[in-house]
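Asks: Just so we're on the same page, my numbering is the position in the sequence shown counted from 1, plus 1404.
Calculated directly from the structure, the hints in this document are not laboratory data.
Values in this document were obtained by computation on a predicted structure and should not be read as measured data.
Built from N, CA and C at the ideal position, the CB exists for glycine as well.
A hint or two may mislead.
Listed next, the in silico BS3-like pairs over lysine-lysine satisfying Cα-Cα at most 30 Å (straight line) [as the list claims (entries may be wrong)]:
(1) Lys1547 with Lys1661
(2) Lys1547 with Lys1586
(3) Lys1528 with Lys1651
(4) Lys1651 with Lys1661
(5) Lys1547 with Lys1516
(6) Lys1651 with Lys1586
Label-pair ranges, simulated between beta-carbon atoms [what the hints assert, rightly or not]:
(7) Gly1603 with Ser1492: 19 to 25 Å
(8) Pro1591 with Thr1675: 15 to 21 Å
(9) Pro1659 with Asp1577: 45 to 51 Å
(10) Gly1412 with Thr1614: 19 to 25 Å
(11) Thr1512 with Gly1562: 34 to 40 Å
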Amino acid sequence: MTVEVVGGGGLTATFGPDRGAKITSLASAGYEWLAQADPDQILGPAPSFVEAEMAGWDECAPSILECTVDGTLIPDHGDLWDATFSCSGATVVAVGHSLQYRFERSMTATEKGLRLDYAVSASKVLPFLWAAHPQFAAPPGTKVAVPGATRLFDVTGGVEDACEAREELWTIDSLPPRATRKVYVDPRDTVTSASLIVGGQALTLRWDATVPYLGVWFDNCTISREPVIAIEPCLGYFDSLAVAIGKGRAAIVSPDKPLRWSIDIEASALT
């Protein structure tokens, strides 16, 4: 089963509920923004996220990195990416088995593109981390633009290495073959959008203050079949929920305070 949603500006998305409600296609003006799975790969159960298809747009929760929280092991890239979601129209729902939370995502058309509306609820107070994980195809020359970002923390090695948000750090060309980079915008910077720029076109993600953090993942064929960039607005800082809790930068969901947030997506031609 697949669901297609046609948005404004010619932006069209396709997803299926069986594989983590992964968005498998995000296309505009004949261009496919998302990295595609190997057509010869049989999509079935995978031992881990990095041994799966490494393509499309996944939802990572309640952690990106494997960690243990209150004695509970949370798997690498969370427990949603390979979950089976129930589906009604363009709304999908699943229960995260690690911390027992309810996760909902609805996709709707807007005048300029598409909107993803999210909601998370729980029967008890829980720390929580979510990150979008869209693996965008990044041919040579691809770069990211993040208005308002002045400083970055490079967390590639699991530690925070502070640096200025230099333009070259936002490009796929700055990575040698089989190298990766993961950066977060300094949490003190207020950023509410990021754009992937490929040639003369841009794909822009927008959000509001309910999504306080932004990470960006660059992979020049270390894990992925092709160079990719993942723009990752997120609810925690940084990849491990356990680390985010220790820093006081994890979201909190409770029975009387569910979490709600939205991501708007728009494709445009650069002038």
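Asks: Which of the stated hints cannot be reconciled with the structure, identified by number in ascending sequence?
Replies: 1, 7, 8
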